[in-house]
Every structure is written in C-alpha cells, then in structure tokens.
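Protein chains: 4
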Amino acid sequence: MDRIRVGVLGATGNVGQQFVGMLVDHPWFELTALAASERSVGKRYCDVAKWRAERELPSEVGEEVVLPVDPGKVDADLVFSALPADLALKVEAEFADAGFVVASNARSYRMFDDVPLMIPEVNPEHLGLLEVQQDTRGWDGCIVTNPNCSTIIMVTTLAALRGFGLESVQVATMQALSGAGYEGVASMAILDNVLVHIPMEEEKMETETLKLLGEFDGERVIDAEISVSASCHRVAVMDGHTEALWVKMRDDPTPEEVREAFHGFDADLHDLPSEPERVIIVRDEEDRPQPRLDRNAGGGMSVSVGRIREGIRYIAMGHNTIRGAAGASVLNAELLHKKGIL
Amino acid sequence: MDRIRVGVLGATGNVGQQFVGMLVDHPWFELTALAASERSVGKRYCDVAKWRAERELPSEVGEEVVLPVDPGKVDADLVFSALPADLALKVEAEFADAGFVVASNARSYRMFDDVPLMIPEVNPEHLGLLEVQQDTRGWDGCIVTNPNCSTIIMVTTLAALRGFGLESVQVATMQALSGAGYEGVASMAILDNVLVHIPMEEEKMETETLKLLGEFDGERVIDAEISVSASCHRVAVMDGHTEALWVKMRDDPTPEEVREAFHGFDADLHDLPSEPERVIIVRDEEDRPQPRLDRNAGGGMSVSVGRIREGIRYIAMGHNTIRGAAGASVLNAELLHKKGIL
Amino acid sequence: MDRIRVGVLGATGNVGQQFVGMLVDHPWFELTALAASERSVGKRYCDVAKWRAERELPSEVGEEVVLPVDPGKVDADLVFSALPADLALKVEAEFADAGFVVASNARSYRMFDDVPLMIPEVNPEHLGLLEVQQDTRGWDGCIVTNPNCSTIIMVTTLAALRGFGLESVQVATMQALSGAGYEGVASMAILDNVLVHIPMEEEKMETETLKLLGEFDGERVIDAEISVSASCHRVAVMDGHTEALWVKMRDDPTPEEVREAFHGFDADLHDLPSEPERVIIVRDEEDRPQPRLDRNAGGGMSVSVGRIREGIRYIAMGHNTIRGAAGASVLNAELLHKKGIL
Amino acid sequence: MDRIRVGVLGATGNVGQQFVGMLVDHPWFELTALAASERSVGKRYCDVAKWRAERELPSEVGEEVVLPVDPGKVDADLVFSALPADLALKVEAEFADAGFVVASNARSYRMFDDVPLMIPEVNPEHLGLLEVQQDTRGWDGCIVTNPNCSTIIMVTTLAALRGFGLESVQVATMQALSGAGYEGVASMAILDNVLVHIPMEEEKMETETLKLLGEFDGERVIDAEISVSASCHRVAVMDGHTEALWVKMRDDPTPEEVREAFHGFDADLHDLPSEPERVIIVRDEEDRPQPRLDRNAGGGMSVSVGRIREGIRYIAMGHNTIRGAAGASVLNAELLHKKGIL
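Going down the list, the protein sequences come from chains A, B, C and D.
Per the working numbering: the first sequence = residues 21 to 362.
Per the working numbering: the second sequence = residues 21 to 362.
Per the working numbering: the third sequence = residues 21 to 362.
Per the working numbering: the fourth sequence = residues 21 to 362.
Hints in this document: simulated from the structure, not taken from any laboratory.
Heads up, the list lumps identical chains together, so a pair's fine if it works in one copy or across two of them.
Below, simulated DSBU-like cross-link-like pairs (lysine-lysine); rule was C-alpha separation at most 35 Å, straight line:
| hint | residue 1 | residue 2 |
| --- | --- | --- |
| 1 | Lys70 | Lys93 |
| 2 | Lys359 | Lys224 |
| 3 | Lys268 | Lys70 |
| 4 | Lys70 | Lys224 |
| 5 | Lys70 | Lys110 |
| 6 | Lys268 | Lys224 |
| 7 | Lys110 | Lys224 |
| 8 | Lys359 | Lys110 |
Go ahead and model the full structure; you've got the sequences and the hints to work with.
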C-alpha cells in the first residue's frame, strides 16, 4: 500500500510537535512537509521547534527545512492544521480549495454548517457533510475538524450514554497547562493557584457538544436537544484534563448501568492505527482516574472514567493534546482514509 | 472587661497552630492552655509544634508547657478543639461535662440533634439548641461546632441566596492541601496531578448544608429541603478552597440579582472581632476569585465570589483553615460571648 | 518635614508594582507619578497594571493616570526605575540630566565607573561616586543603582564576613520565578522541573560582587580581589532566592565564628524606614531558611542564613523582589535622603 | 540459557515497585518472589502495593502472593533489596548467610570494608571484595551494594574525569521528591518552597565517593584522596536529581577537554541488558539537562551533563530511582552474572 503523504501546518508549536511525534512512525501516513510561520521558513525544523517531548526528535525530521503555509509549496495529500484560529480561517480554505484534505484542530471551521465536526467513535456519519461542503464551496479538497480538547473528552463519554436519553449535562473542568500552549500560562499565574476562567472554553463545550451529538439528515446536522452548562478552570497539571460531570438522562440509569455502558462502549474502529484498545477505560478504584497516572492510557487516546455515583455523577479524564488535539485529528484522517475519502 | 480564658485542644497540628495564631492577640480571649497528645505533654510548645506560619511564634507562647487533653489539667473557660474526630467524640464530652464551653472544629458532634452546627452569619438562632443539649445531657458546659471547610465556604454564599428559594445545588470543589493536614497529602501524590476523591467530603457537604440552612423550631433543627450534590477534588494549592457551583432557585433570579444579593449580604456581626468588613466579597473581574490572590481577604475570613453566570453558576473561594476551620470556631466563640453564653 | 515626591518608571510590571506597594505608605516619600510605556500612557493605573499583590491596590493610586517615561511629564524629585535594561540606558540618563535623582533597579548603569552600585549596609561610602558622576557627565541629577537580586542576597552575607579576609566564593542558586518577571517563565517550562540556565545571571553575580566589595579611593572603586564562581538555576518557587555558598577566607574561621559574624552584623541604619530590625537573621534549625517560610522576614528586607557548616558552607535566602529589587532601590533612596543628597 | 530466579525484598515501596517494573521483562532474570513486611504477607501484591507507575502492573505479577522477608520462604537465586536501612542490616545478612546473592540498594552495608560498593562503569574490580567477604563472614551467599542516588549520578561523571587527576569536588544538589519515598515529603512542605536539608545525604556523598573511586589492592579498598563537599537540597521535581558541580583537577583541563572526556566515556558494558547506549549524554544546549526532559534518557540509566564551563563547573542530572536506585542494583546483578558470580 502506498502511504499517504501528509504535512503539518503550524508544525513548530505545542500541538504541531504532537502531530510530528504521532506521524513519524505512522503506518499509513508519511510526513512530507512541515510548514510554519514566516520567521521559521527556510530554517531547519530542529532549529526553530524547541522540541520538548521526552522522545527525541528523529534527526531526519529535525533536518527538514520548514516550508511556508502555502498550498503551492507543500507537497502532500493531506495537511494537519495546528494553526491559530485567526490564521486557520484563511489558510485552511486555501488548502482545501487547492485540493488538499485538511484535518484541522483549529476552531475556525468547527461550527460551519457544511463542515464536519468529528469524533470517529461518536459521529462518523457526519462525514457525509463533506459532499455538501464540496458542492457548496466548489473545493477539490475539504476540511474536517475535531472539537476542542475539553469537549472531546466529555462527549466521548456522553456518546456511551446516548441510549439512556441524554437530557442535561453540567461539567466542571480542571484543565492542564498544555491546553493553553507552551507560553499560554505564566508560572507565576498558576503556582499555588487555580485559574477560574479559560476564555471561550465554556462556550465551546456548550455549542460543540450539540453538533457532535446531533443528527445528520443528509443535508445538515440537527443539533442535539441537550442542555450543557460548563464551568472551566485551569490547574497546575502538565497534561490531562479532568472533568467532573453531572448527567441527567431520561431513563434514569443506575451507576452500575452507566458503568456497563462505559465498559461496553466500542465503536469498532480497531482497524484504525490510532484507535486504542479501549476508547473508554473504566477505573473502579475510588481515587482514579488521575491525570498523571492515566493520561497516557491507550497511548493517550483512551478516555478514563471513574467515581460513577448517583446523580449521575462521574469523573472523565483524557490527554488533552493527544486524544484532545493532535490524536483527534490523526484519528479523523485515518477514518477518512478508511472511508476512501482520502 | 475581663478576658475569657481559652485553651486549644490539639494545639500542635495544622489547625491547632491556626488557633494559636488567631488567639495570641485576641481582644476578648486570653490563651491560657495548650493541650495535645501524650507524646507532647510536658514539653515546650515550640519544641513539639513545628511552627510553619510566616508570622513567628511569640516566644512567650513557645515557652508554654503542653498539657494533656484532660479537663482536670486545663485551666480555661472555653476550649477550642482541633482534635481528630475519633478522639474528639470522647474528649469533648468530658470537657463539656466538666463545665467547659467547647468550640469544636472536629466533625464528631456536628450532626447530633442537640448540638448546634454554626456559622454565625448563617444560623445564629441554632444556638438555642444549647439549652436542649444541656437538658438532655446534664452537662454544665456545652459543645458548639462549625462545619467542614468546604461546606462553610459554600453555605456562606447560599445564605445570601435564601430569599430566592434555594432548590438544588451542585458543587465541584478544587480544594487546597492544607485541608488534609500537614502530612495529609504526599507531594508525589499531587505534583502534576489532581486527586478526584476526598474521603467523606462529599457526604459532609451534602448533609451539613441541610442542617445549617434548616429551621430551629425551639426543640430541634428541621433540615432544609434542598438537594445538594458534590464532587470533591484536591489540587496543588496551599490554602484556599475554590468551588464551582450551580444553584437552582424557585425565583429564577438573574445573575445581576444574584450579584446584588451577594453584595448586600451583611449579617450585622461587626461587633465580633473576627468578623470581616465584608462576609462575601464580589469580584467582578472575569478571572477572580483565585485562591492565591484572594484567600487572605478579610484576614482570611471573607468568602470571595465571582463569575456569576446564567445557570445560576458562580465561583466561591475562601481560606479553608481560617474561615473554614480555626476562624470559624473562633467566630462561634465570639458569638457565644456576645450572646452571654460564655 | 516635607515629603519627597517620587515617581516610578516602569510602574506596571512586576517590580514596578512592588515599588508602588512599598511607596504607598512610605513615611518620607510621596508617590506622585506613575510612568510606563506608550501603550499604558493616559490610562488609569488600575486598568493597565494587572495588580497581583495580596494587599489590594489603594483606589486613589489605581485612579492615577499613567504618564510617559519623559522627564518633562513627570513631577517628582526622585524616580525609581524598574525599566527594562535596554530602555533604562537612554531614559535614566535623560532623567538624571533633567535633574532627577534616579534610583535604578535596572542593570544598565551598574558597572559604569562613575555610578555607585549600592547596598546601604555594605558600601555606603560608594555614594562618593556621585560627585564624580556629576562632574563627568554634567548632570544636575544622578543615578544610583542596586545590584542584581541574587547578588544582593549573597553580598549582604559576604559583607558580614569581610573581617575574615574573603578569598573565594562558589555559589549555586535556586531562584524564584518572580525574578524573571510575571511572564518570564512559562508554567510548562518549570512544573516538575529545574531550569539550569538563567541568562547573564552568573556573570552579574561574578562581576557586581567585586565592585560592591571594592574600595572607593575618592575617585573610583577598586574591585575587591575575590574569586566568585556562580551556577544559577530556576526552581518552582514564587518568591525568595535560595543560595548555597562556599566561602574561603584567609583566617579560616570556624562555623561558630561565622555564625557570630552574621549574628553581630549591624550596619546601624535603623533610622532608615525600610531597614529591618536584623539585616541578617541566623536560623539555627537544621532545615531553615526556606523561601516560603522566611522570605517575608523583616518585611522582606532581611536575609536569612542557616546551615553554617565546615567548608565554610552555608545557605542564604532572601526575598528577590523586595530585598533583591524594589526594596533595595528604596533603601538606597532612603540613604541618599539621610545623607542630604536628596 | 536458564533464567536466574530473582526476588525483591521490600517489594511494595517506591523503589521496590521500580525493581518489579524493571524485572518483569528482564531477559536474564525471572521474578519469582515478592517479599515485604508483615502487614503485606499473604496478600496479593496488587492489593498491597499501591501501583503508581504509568505502565500498568502486569496482572500475573499483581496476583502474586507477598512473602515474608525470610530466606526460608523465598525461592530465588538472587534478591534485590529495597529494605529500609535498619531492617536491611539484619535481613540482608540472613539472606547472604543462607546462600543468596543480595544486590542491595540499602545503605546499611555500603561502607563495610568487605562489601563492594559498586557502579559497574566505575569500579567493577571492587567485586574482588566478595571473596574477602565470604572468607571473613563464612557466608555461602554475598552482599553487593550500590551507592546513594545522588552519589551515583555525581560519581558516574567523575569517573570520566579521573584521567585529569581529581583533587576536589563541590556539589550542590536539587533533588527530586521520589528520593525520599512516596510519603517522604509532604506536599505542604515543598509547594512553593525549597528544602535545604536532606538528612545524611551530604555525608553519604562525601564518604561513598571516596570508596567508589578508591583502589582495590586485592584485600581492601583504599579511599581515593579527593575532597568532596556537598550541599543537598530538595525541590519540587518528581524524578531526576540535578547537581551543580565544581571539580578541581591536577591537569586543569579546559571545558572542551572535559566535554570530550564525558563524550568518550564508555565502560564497554553493552552486553549488560540495562546498560544504556551512552552512560553519559552530553547536552550542548545552554539550558540542558533538565530533569523533566532528560531523566528518562537511556531508559533512565543515562546520566546527562551540560553547561560545562570554566571552573570546571557543570551540571549532571540523572533519574534517581532508576540509575540512582533500582536500575543501579539491577546493573550490579547483571555484572555479577556476566562475571560468573551468579
């Protein structure tokens, strides 16, 4: 099988580095292009990306010359976008128009009517929007997006509970630093502290969830009729968003029934390379999940749940830059490939 | 005015030290006895209490010889109890029986029908239970208790909203390390981590709240008819519990009306030395309150609120070992004195 | 006595806020001008300085309109400078030329031959350089500087040991985050980590020390003949630089003699408002000093020492933005006033 | 090849768990016995060892029943000891007497004249002491020890510099929390703080180093004539001790010569399974090594050095519970096996 040639837009930042790390040994994808902003263009990747992962950057990738985020300069079939939202709006359209498949982690296109907002285990049928998108916009390529990191972790667990009739969700998050980017949170802001506001985060959780759990009628996605109320907070954790949820359901399931639903949840996507053995891992210990101990479960692609109590209340925790960002886009791209779109 | 002679039971621990710190210069109380467990008895307080407050331990207090927790050995009118719960059950009764007023931070007697569980600004009329208590038990003294730290911070804000008709409360806490005592949380447990379970904490918040907001009918307290659901978590913060709350109220007030209720809340207790200028401080900045910046507001006795949003959602934050523990007991004692009980 | 009118240049930053905090209630100085960069000019101080101290910003100061860093616009007798080094080089000269006394925390002028680099308890006689400075430069005003934060803490302790004949010093620092400014260290850089390089810090400690301990011959300062070797590191501490020192001395004193020298050190400056009761506090506990417990000793103006061992090895610790920055400049200004220069 | 049957004494603690993790897949060793204190005996390992490693405990190991630390109950050829020092003194002798090879991480026997204190890359010839030991003590088995974690990291780098004539060493450490055991450092002790004293740590670094670098004359080890002066400190880092060193050498090498010596250091032990590709990794970036980024280099068995400056000063950093504890014992055992002793 020929490997798909892929590039990364915004390759030098925190999420961009995660993309690179996940793509270096990917069985289906071959990393052929690293693109970033003007000040990095023409330089070696290892000189401009301050590599911070434990695993060393492979030297052949480090030697790559950084390209501009210009469809004419990037040689690839698909590009992953870790661009900032303002830039993504313009650039991703240019790539889609030029025939690229764009798998984007940026928020810019998530809520457009003709753009799929996807979690492969949750709403794969929303991929049908791509036809609408190409018809509407006249693009040869297309854009598929994944949700905000906090939303992905929550909605993956909600998907397992759909059968009980979701009615309302309240969620309080304790989010990791990496969600804000490497320079996003000053150490003086968070040491011995909690930050009680993350700009736009509550809004994203409250709107993206409705689209993700909505129904695709062949033309568009009808938002799910669920009420979502979020309170988002930052804590001194490197990676791994922890979320305390209250979920009201029509069928009023018991904690044990909820546990079974989590435990039995399987989207049957195990032919995708990045799909973990278990999408949702149920921890029965009373003090789990914990971000430091559980964030790397399933290669960072599993969501761990625990403390399922009357209410229904439970804790969900997942790796925000893997399952919640780069891995989410890669999984979307793998699904596209499996479906023959790529 | 003669100053009231007070002692501290469990004086060497974390909350015990807070008591000592608050009593050293108290205008009404004179610290006359420091009592602790067997291994400290007979030694100088400065040698057995590993003093950790920024403010130096006054040398005359440090020179005090530690007494046993024995009513026959403690010379005082009132004792503050920072004893562990198992010990408190027995010892506090002995002191009350021997004629002492016991102002206890321990959980042992909080939920007994004849023991007042008090926040002076919330339910001062519950002091009426003391007569019932003395009648029932035949004590010359009495026991008055304050709630768990997380409960105090929450309920102080709920008290301001009672006029709207409280119906249900959901609360997710991000609690400080000091709530578990000095040795309570290992550094390896919390660095780069969140702990998603605090033993008994959710239960305390859910039961104590109903008693605190209940009605005293002259004989007993009728629990308030409110539904409280808590999810309690520990984060890497030294002092200051942060709480994200959702409160449903019969009158469905707007965020602005809730803000006004917080802002206007005044229990009119300013003749008590430990009462802060404002019980509830409303922060209008979108990123406040924060534990590091706001925990010492009002000498640690104010509760700060912010981010009042539709829902009604808001953030409450207070100092867990001052307003939430030692200061709570001291304020109770001050109220007892004002009411002529002491 | 008329109070001296003082301004702060660079008033919105971390050290600038410390200056404001120290000057609000100063008995000799009256804060009459807050100056900052273009983007803050014309706005209220409370709107542009994100105030982060525990103590609330007094509202009358918060209402002040921020001025440009322009000698023509600032109405004051003395200005404290918390400007960045590149800007300070130009601006401080302009103020000095316009007749202002400039007490600067910036590094720009520290090592100029005609500029006093001062710690009042260490080398007050270096003030004599001001005459040289005014002669040379034709300024009506003048510039006096204080050393780098790490240097101040170390040299204050070395000053107490001069009588033993200082020969060489090796110092390993564990420096606080606030030394880098509020945005200086990303949380992702320091959580669960140590940073082993602080740009220019070792160089400053090695050169400034020689000037500080040097001899003023009426014309210039002859560097002390001491060898200083520094290794500087950043740790996850908010405030308070901890330093492990090895000091070789001609007279080879015992630890007990060194302890006595520290204990007896008194520069007799207690008529200066910011001078702490003890410049050097000796901690005899084997686990002190610690930054969290000891940084605010003497209002943040004392340096704490401990663990004096054979070698001679010891630990020195002080508050880096009070004793090591804003407080250092204020103390210099107080000395200038006492000497009649202001 | 038959695999060597090995046991772990003190298997439930922090270092014990590290042993288990390293032995589960070991190519030469088969884990046949988990022994621990009375309160764990007879219970399943997964129920008594609160497993905290990211990698899940293999279920077949978790199901093992914990044995007493009794030579009659442990079925193995070699035992690794993670026992506390007081217990190790008695128990390790019992095992050695009963014919076991004991590879101990405890400090109890390190400084005995007839016990090898070993780092395979540094002083493999000290194994000769085992004959002396068996002659003297009449044991069928034997005890071999590895140094304290801080000492190992330092001495591994010093070994590379022996050719220059080591004269004196000064070292300031910034040590990780895991070095004190899981419950060793309370979170309230270290958050926003540095601890300036680690009991016995400086003494260990100063004495163990002399034995490690000493010469074995066939009968005993003659201490190296080097002066070592240590100042040991604890910082808020999970794993990875960072050390700032000053090393004086007879030949006065340049930083570049020192760098070459580090870079070229190879003990030629690559037939040992736990030997990393590079014992010493030289980092040329000005801000490396850092514990979070570099502690897992070489599977946690490499020591990283950087910032080699005039002085000679440099930074050494290594994983304290792998290279500095469990991995050190395992490497010793591998060397014993290679030498035919096991």
